[in-house]
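**Student:** Once you've looked at the hints, dock chain B against the given chain A.
Residue numbers (the numbering used here), protein chains in the order written: chain A, 1 to 248; chain B, 1 to 280.
It is possible that some hints are incorrect.
What the hints assert, rightly or not - Partial list, computed: chain B residues near chain A (C-beta under 7 Å):
#, residue
1, Gly38
2, Phe101
3, Tyr102
4, Tyr142
5, Ser144
Read the hints as simulated data drawn from the structure, not as lab findings.
Being a predicted model, the structure only gives us computed values, none of them experimental.
For each residue, glycine too, the CB sits at the ideal point set by N, CA and C.
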Amino acid sequence: MKEVQRAIQRFVRGDDAASAAAGVAQLSIAVAARLRVYRHHFQLSLTQALVAVYPVVARIVDERFFAWLAHEFVGSNPPRDPRLSRYGASFAAFIEQFAAANHVPYLPDVARLEWALHESLHAPDEALLAPSASRLPEDPGNLRLSFLRSVRYVESVWPIATFWTWHRDQPEVSLVLERRPTHLEIRRTSDAVGFREISPATYRLRSTMARGGTLGDAANAATSIEPDFNLSLALGELFGDGILATTN
Amino acid sequence: MIAPAIGVGLRAPHLADVLASPRSAAFFEVHAENYMGGGPARAALRQLRQDAPVSLHGVGLSLGTDGPINRAHLARLRSLVDEVQPFIVSEHLAWSGIDGFYLNDLCPTPYTAESLAVVAAHVDETQEALGMRVLLENPASYISFDQSSLDEAAFLVQLCSRTGCGVLLDVNNLYVASRNVGLDVHAYLRTLPPGAIEELHLAGHHRTDVEGFPFFIDDHGSAVEPEVWDLFAETIGAFGPRPTLIEWDSQIPRYEVLLAEAAKARRMHSAVEGWAPCPP
Numbered sequence: 001m002k003e004v005q006r007a008i009q010r011f012v013r014g015d016d017a018a019s020a021a022a023g024v025a026q027l028s029i030a031v032a033a034r035l036r037v038y039r040h041h042f043q044l045s046l047t048q049a050l051v052a053v054y055p056v057v058a059r060i061v062d063e064r065f066f067a068w069l070a071h072e073f074v075g076s077n078p079p080r081d082p083r084l085s086r087y088g089a090s091f092a093a094f095i096e097q098f099a100a101a102n103h104v105p106y107l108p109d110v111a112r113l114e115w116a117l118h119e120s121l122h123a124p125d126e127a128l129l130a131p132s133a134s135r136l137p138e139d140p141g142n143l144r145l146s147f148l149r150s151v152r153y154v155e156s157v158w159p160i161a162t163f164w165t166w167h168r169d170q171p172e173v174s175l176v177l178e179r180r181p182t183h184l185e186i187r188r189t190s191d192a193v194g195f196r197e198i199s200p201a202t203y204r205l206r207s208t209m210a211r212g213g214t215l216g217d218a219a220n221a222a223t224s225i226e227p228d229f230n231l232s233l234a235l236g237e238l239f240g241d242g243i244l245a246t247t248n
Numbered sequence: 001m002i003a004p005a006i007g008v009g010l011r012a013p014h015l016a017d018v019l020a021s022p023r024s025a026a027f028f029e030v031h032a033e034n035y036m037g038g039g040p041a042r043a044a045l046r047q048l049r050q051d052a053p054v055s056l057h058g059v060g061l062s063l064g065t066d067g068p069i070n071r072a073h074l075a076r077l078r079s080l081v082d083e084v085q086p087f088i089v090s091e092h093l094a095w096s097g098i099d100g101f102y103l104n105d106l107c108p109t110p111y112t113a114e115s116l117a118v119v120a121a122h123v124d125e126t127q128e129a130l131g132m133r134v135l136l137e138n139p140a141s142y143i144s145f146d147q148s149s150l151d152e153a154a155f156l157v158q159l160c161s162r163t164g165c166g167v168l169l170d171v172n173n174l175y176v177a178s179r180n181v182g183l184d185v186h187a188y189l190r191t192l193p194p195g196a197i198e199e200l201h202l203a204g205h206h207r208t209d210v211e212g213f214p215f216f217i218d219d220h221g222s223a224v225e226p227e228v229w230d231l232f233a234e235t236i237g238a239f240g241p242r243p244t245l246i247e248w249d250s251q252i253p254r255y256e257v258l259l260a261e262a263a264k265a266r267r268m269h270s271a272v273e274g275w276a277p278c279p280p
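Next up, chain A with everything else stripped away, as it sits in the complex:
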């Protein structure tokens, strides 16, 4: 039974039909043609899932290019989770090493933004940390905070927020390719997700702590790029911003 399932799985992922066909009953229509229905569904349904998660990436490249990109990704990156909403996490990294996509250098970062928006939308519901609990301990350098899992941080050397909005709203758009570092915070409201641009130092502070770093590490990261960074003001904003979760 295991070998039958493994052989069919290999075929669906792209191998030839010989071993998959071995145990399949021969009827009027050839076994290979029957098995191809499963392979076709695998490719098509996962490509559609990628289009749903990466609509702006799909608009930036044309439909045929995206279909090729998705086909190559799906074949080498089958889902490892039964939830379709978890599919496509490594798409940005895949685009980055897909040589034919190099002519759109900001494409991987737009993909990272779209994955962050998608993850934020589907993140579990969590209780907000009450403002009364937002006090600094005696040893603030070792403070760690739990961020809501719907809060995400994405940065790029490209103005991806602008590019994302332009490509979303206009089918044909000519962009001026100029680098401009962008630091984004993604958040979920009750019925939608959105992002806003934050300063590089605020980004360092928040993203370091969101990854589990201490306040000490985060403050060092922020002040290393902005020596005059007002830490107490930034902490007040962080505690008051509705992005922290209770730890249990």
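**Tutor:** Same frame as chain A, now just chain B:
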């Protein structure tokens, strides 16, 4: 007796319509995997559940895989069941992948003593984890296996008897499988014990031609075909009406089109002798 309810499968494009008129169908069925996260989707399901019965239809447990069940996924399903309190939980007599991969499909398994032991153990584990009976849906098969020693209906009978699970008879799947792999639908219906069938599914399929032969794809992308309505009539004639769901998953039409399909199923329920119509 009052005929059981007719429900519709809840899909994202109809969410606003359904929340605006939660009594438009007698129940709503959702794919469990679409509601395992938080955010607006989960909130909408919570809101709907206050006003209408909900059934959960799982597509990710892969009960037919020859390997361990994904316990983290089973725990997520349990958590959703606890919150939603569905009146039915169903899954599939199928496998979706092996060795940690998922093909996003529902493939049939050979029907043998070995596979019966595998599926029965997974159904036992699922029912124990959820604390309730689950229904298993028959697959829309494009292939069958030389090594099968049981036919599908006999396999389901033994599975129900060993585990106490029920059957979700997808009438469209039965029709599609009968045309693709030669199942005898009449013998199939004669084999299943009436007490095992607790829900029926209806959906559209796509007929194509492969190598000059008709081939039937279970795409849920159109209205229920006349041949499937005929088989539905035969099924409820034999077993009596059962809670029945209209599914439509691709090329999704306006919500009213689904409700018209539901109304047709309701009329057919009430045409069975001895049954009075159920309100929508």
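**Student:** Please go over all the hints and tell whether each is borne out by the structure.
**Tutor:** Do the hints match the structure? See the list:
no., hint, in the structure
1, Gly38, "holds (3 Å)"
2, Phe101, "holds (5 Å)"
3, Tyr102, "holds (4 Å)"
4, Tyr142, "holds (5 Å)"
5, Ser144, "holds (5 Å)"
Violated hints for the displayed structure: none, as all numbered hints are satisfied.
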